[in-house]
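Each protein sequence line maps, in turn, to chains U and R. According to my numbering, the residues represented by the first sequence are 1 to 153, in order. According to my numbering, the residues represented by the second sequence are 1 to 153, in order.
Check the hints yourself; a few may be wrong.
Which copy is meant is left open, so a pair is good if it fits within one copy or across any two.
Taking lysine-lysine pairs in the BS3-like style, the calculated list, with each CA pair at most 30 Å apart, reads [as the list claims (entries may be wrong)]:
{"hint": "1", "residue 1": "LYS86", "residue 2": "LYS133"}
{"hint": "2", "residue 1": "LYS149", "residue 2": "LYS35"}
{"hint": "3", "residue 1": "LYS26", "residue 2": "LYS108"}
{"hint": "4", "residue 1": "LYS122", "residue 2": "LYS86"}
{"hint": "5", "residue 1": "LYS96", "residue 2": "LYS122"}
{"hint": "6", "residue 1": "LYS92", "residue 2": "LYS122"}
{"hint": "7", "residue 1": "LYS133", "residue 2": "LYS92"}
{"hint": "8", "residue 1": "LYS35", "residue 2": "LYS92"}
{"hint": "9", "residue 1": "LYS96", "residue 2": "LYS35"}
{"hint": "10", "residue 1": "LYS86", "residue 2": "LYS26"}
{"hint": "11", "residue 1": "LYS133", "residue 2": "LYS26"}
{"hint": "12", "residue 1": "LYS141", "residue 2": "LYS108"}
{"hint": "13", "residue 1": "LYS49", "residue 2": "LYS26"}
Bear in mind the hints are in silico, worked out from the structure with no lab data behind them. Remember, predicted model here, so these are calculated numbers, not experimental data.
Listed here are the chains, written in short residue letters.
Number of protein chains: 2
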Amino acid sequence: MKKSLSRAAFGIVALSLVSVASAQVKPEDQIKYRKAGYSFMSWNMSKIKANLEGTYDAAQVTAAANAIASIAGSGMGALYGAGTEKSIGDQKTRVKPELFQSMPEVGKLAGEFNAATANLAKVAATGDAAAVKVAFGDVGKTCKACHDKFRED
Amino acid sequence: MKKSLSRAAFGIVALSLVSVASAQVKPEDQIKYRKAGYSFMSWNMSKIKANLEGTYDAAQVTAAANAIASIAGSGMGALYGAGTEKSIGDQKTRVKPELFQSMPEVGKLAGEFNAATANLAKVAATGDAAAVKVAFGDVGKTCKACHDKFRED
């Protein structure tokens, strides 16, 4: 749990480093990259779900959980820079502009999401499918918490 | 190195599990997810490059390298199923159809890519920027090897 919290904290720090690390990433590319991250996590979530509902392949679940945790922990906050509040040309975004006025809350939600994904990766490594089911559900809740508040349907 | 090779081998195994794990992923979604994976890796490669050329932040480089390695190791071979040889509607792909007739060679290139990304993650964890520069270059070579053969410009 300590490790999860420190990773979460790093996520929040990363969020505050936006201007330093990604000044050179164009707003439309920030939208593209963040959507790519969520999309790739979504594929891996669906693989874990399929494993929990069918034949459980611990290696596949571990690989999927590692992908999710490391994407979540890669400092995606840097992809919410100025100018990314709305779609830019072909780069559509469903983000609600309110997100950009709610950074402390977003940081908290992001921290909880990061912690839940780090925990899922840790639990997946044990190969305990029942425990993975619980950890997977916890990740889903943290996804939903942010979608409900800050994503258009 | 042993660990890298075993990860690479898992990547190849994953490639052969296409039909089992992803039968339910529509071809257009396979294209979407694989493009998302490459796109997100590309963002993380550019962050590592910026660190090597500017101020080196070991935590950011480690997080980026972990994201790249775990995406590469997540079984992306499953996203090259039947029907994904060419663009489908809005889901454009630059893959050359030859890739689908060259699976043994693709498996070898994918294995080398996976091994190089696993090595980059391992080296990044040491915080040795000079060693990261070498490992980063090695990853770039394995990206290029596949792009040169199997991706349209």
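Hints and how they fare:
no., hint, result
1, LYS86 with LYS133, "neither (35 Å within a copy, 36 Å between copies)"
2, LYS149 with LYS35, "both (17 Å within a copy, 28 Å between copies)"
3, LYS26 with LYS108, "within (26 Å within a copy, 35 Å between copies)"
4, LYS122 with LYS86, "neither (35 Å within a copy, 38 Å between copies)"
5, LYS96 with LYS122, "neither (32 Å within a copy, 38 Å between copies)"
6, LYS92 with LYS122, "neither (34 Å within a copy, 36 Å between copies)"
7, LYS133 with LYS92, "neither (33 Å within a copy, 35 Å between copies)"
8, LYS35 with LYS92, "both (9 Å within a copy, 16 Å between copies)"
9, LYS96 with LYS35, "both (14 Å within a copy, 25 Å between copies)"
10, LYS86 with LYS26, "both (14 Å within a copy, 28 Å between copies)"
11, LYS133 with LYS26, "between (38 Å within a copy, 25 Å between copies)"
12, LYS141 with LYS108, "within (14 Å within a copy, 39 Å between copies)"
13, LYS49 with LYS26, "between (35 Å within a copy, 16 Å between copies)"
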